[in-house]
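Trainee: On the provided structure of chain A, position chain B as indicated by the hints.
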Amino acid sequence: MSHWFENAIERGEQLTLSAQRTASLELLKNTPWPTRKTEAWKYTPLKAVQGFNATASEVLAAEQIEGLQAIDVVPGSELPTELPAGLTMQWLAADDVDASLFQQVKPNRHLFGLVNDVLAENVLQIRVAAGTEVATPIRIVQQLTAGSETHVRVLVEIEEKASLTVIEQFAGSEQSLNTLFAEYRIADDAKLEHYRLALQTEQAMSLGGSHFQLFDRSQLNSNVVGFGSDVSRIDMDVRHSGQHAFAKLNAIYLLDGKELFDLHSTIEHEMPNGTTEENIRGIAAGSARAVFNGRIHIHRDAQKTLAELNNRNLLLSNKAEINTKPELEIYADDVRCAHGATIAETDKTALYYLQSRGIGKEEAQIMLNFAFINELVDDMPNQAIAEWLRPQLRQRFAKMGE
Amino acid sequence: MTEQIDKALEREYEAGFVSEIESDTFEPGLNEDVVRRISAVKGEPEWMLEWRLKAFRIWQEMEEPDWAHVGYDKIDYQAISYYSAPKSMADKPKSLDEVDPELIETYNKLGIPLHEQEMLAGVAVDAVFDSVSVVTTFREKLYEAGVIFCPISEAVHKYPELVQKYLGSVVPQKDNYFAALNCAVFTDGSFVYIPKGVRCPMELSTYFRINEQNTGQFERTLIIADEGSHVSYLEGCTAPQRDENQLHAAVVELVAMDDAEIKYSTVQNWYPGDENGKGGIYNFVTKRGVCHTNAKISWTQVETGSSVTWKYPSCVLKGDNSIGEFYSVALTRGAQQADTGTKMIHIGKNTKSTIISKGISAGKSNNSYRGLVRMNPGADGARNFTQCDSLLIGDKCGAHTFPYVESRNPSAIVEHEATTSKVSDDQMFLCQQRGIDPEKAVSMIVNGFCKEVFKELPMEFAVEAGKLLEVSLEGSVG
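So the sequences go chain by chain: A and B.
If you count the first sequence from 1, position 294 lands on 294 in the numbering used here, and the numbers rise without skipping.
If you count the second sequence from 1, position 149 lands on 149 in the numbering used here, and the numbers rise without skipping.
Since the hints were derived computationally from the structure, they do not count as laboratory data.
Values in this document were obtained by computation on a predicted structure and should not be read as measured data.
Heads up, none of these hints are tricks.
Pair ranges (Cβ atoms, derived):
no., chain 1, residue 1, chain 2, residue 2, range
1, B, Pro-65, A, Asp-334, 27 to 35 Å
2, B, Glu-22, A, Lys-37, 40 to 48 Å
3, B, Glu-63, A, Glu-10, 24 to 32 Å
4, B, Ser-424, A, Thr-81, 54 to 62 Å
5, A, Thr-349, B, Glu-452, 24 to 32 Å
6, B, Trp-67, A, Arg-11, 31 to 39 Å
7, A, Glu-10, B, Glu-46, 51 to 59 Å
The beta carbon of each residue, even a glycine, is placed where N, CA and C say it ideally should be.
Same shape as in the complex, but just chain A:
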């Protein structure tokens, strides 16, 4: 067993925990450390996590997103006091966290969900009252600083007919370890616009997920951007617990160097008439490793479901690798489900075409790579975020060409 893992359990044992968190600790003690044979971690070695030792903890506010007016939340610091009407936010004390919370991260799916259950020092609760449309986005920022180990839990409840935008943003490149799990409960007719910007790189390790539960006619529009680091793992879980709910999930990952990025998505269609659209695009260069696992599970009662998943990848180097597994598990007959996955290099004829028009090879490559993912950037409802992302993506592409 790993050093870090043993240590985490020991730390958990020393905490005074609520009943629910104690139960998670017991489960954690009986969970073996994942190996290559553990399906959920098949392509994602956790050696770097094992070897991690927290040395410092420093809270930093992250860089602003230019042109974006947001309510900033930095775990470990004071919450903003002036909030729009109908929106409430609070840090929960460790023994407050019971009953309705920690419902969505299934322990059998995610070991680090359990770690987060036990060790989360910052638990943020956000509530939007029924009928309230909150125009200002909430931005939860995690600046991963050298030697830090942070575990954050975010619990969001959007009541009937309310709407909200949440940005989970990660930055940093120093050796650090972070888990952040966000749980969203989107009530009847409510809407959530969601971003998970996993822009941490190099030695900043982050494992976590965003979990959504959708009720009748609710809508989710989620956008993930990932750069990859020693270990970057995100689980996006969507549960259709109501009818006629609509979930859209777009994700982009751009990897270079020795980066690893692992995206797992699980869509549970438990009720009839739900719709899910997933579009995942990835590019891997250098000696990076990309992992995508997209599972769509249509339960017996989920008739008339419409679910589509599309995963397209560009592999730019013969040292990089891409592993993808789109899964369908279907128990209802009157549904329309499809998935597709491709892996290839940049289209040579397109490259030639651009070169024949006098565009240099490198520039042409950047243009084509950018075009490959730009569709999903364009699709982001918040243009300020899209605008802020584009130059960063371009910079990545320039580096990939080297």
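Mentor: Relative to chain A, chain B alone:
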């Protein structure tokens, strides 16, 4: 509609009869002595026994895999008898005339003529009954062409150098749990060698039949196509209708040398168990082929039987420009469970693979496609195309897809797509409006759904496969 489905699914398993044949059967149980006894009964040389014992020791160390999307009661390996042979085979009949007429009758009932003069299209048959090969037809004619087609137990004696060289070269003893078990206790199966540049003059076929109760069937097939040769091989199987589950753990190894081509077709119709999942065959099979330069291996399978299927015919595309193909129709109904698919391992440059998988689920069954496509770093210019379609008939069944796609070469192109649908009301309405009764309409729609695979089957098999689907689906929609 549901009533009609239920009614249709009650159809009888036509191959479910038991033949009254006296057999020599080992006591149930498995240990080193049993492995030694099997080897002794077969009069095997020392090296073969050692090979078996090594496999047995490996098997003892292994754990039964549980990753497949199937559920079944734990198998008691000590309750199975590992050898059963018709008594009349003890003194090795020299010709068909000496074979127990009851045995020949069994094959006739199954529509497998063993009398050479009765053969229509000139297919050479090796008939394996429980643990032994009963008869192999057209051997002389094949021998003239230089083709070796005989029971593997005979090949161990007659062609030890070939067997020693290739046995386990594709599926080694430690490959997986069921393969290791097979290596230790396999009793018979077919051996095929096609010499350099020879195009096998007729289709080769092995017909497997489990008859005895409480026995497992562990057959092993080894096909070697030497440089530039060509062979088409067919495999069929049935078993009596019994309340107990029976284990069938086979291994098939194919070696396609440079420029050779092997076409391997299977119509699997083991007893599927009753509607509630009682009885039936556990079909846990390891099939794999190695393609050398410019070689081609094509797997075509129609899976309609077995209560649990665990089967992944695979191609290791080792040589440059080699080609792997997998065409599959898997039909599950009643309480059947199938977890089947393929692996395409691209090692050589410009290797190509095509996977077409059609899964049809009816009743309370579960049908999974599980596949792996791997592009190794050296597989420059490799290409894969995968299409998995599922058809659901009824609202109590399940259809699943678990494709693993791994690429480590930028110039390789991998494409995977999967869809799920049902027999739509529109299609049914259109057919019925034109005076086609509902049963026929379903059969037509399903046949259309499977067409891409059926066209890959040799003619006789395509007919049999079409018929099997027709019977299985009789009245599925109303």
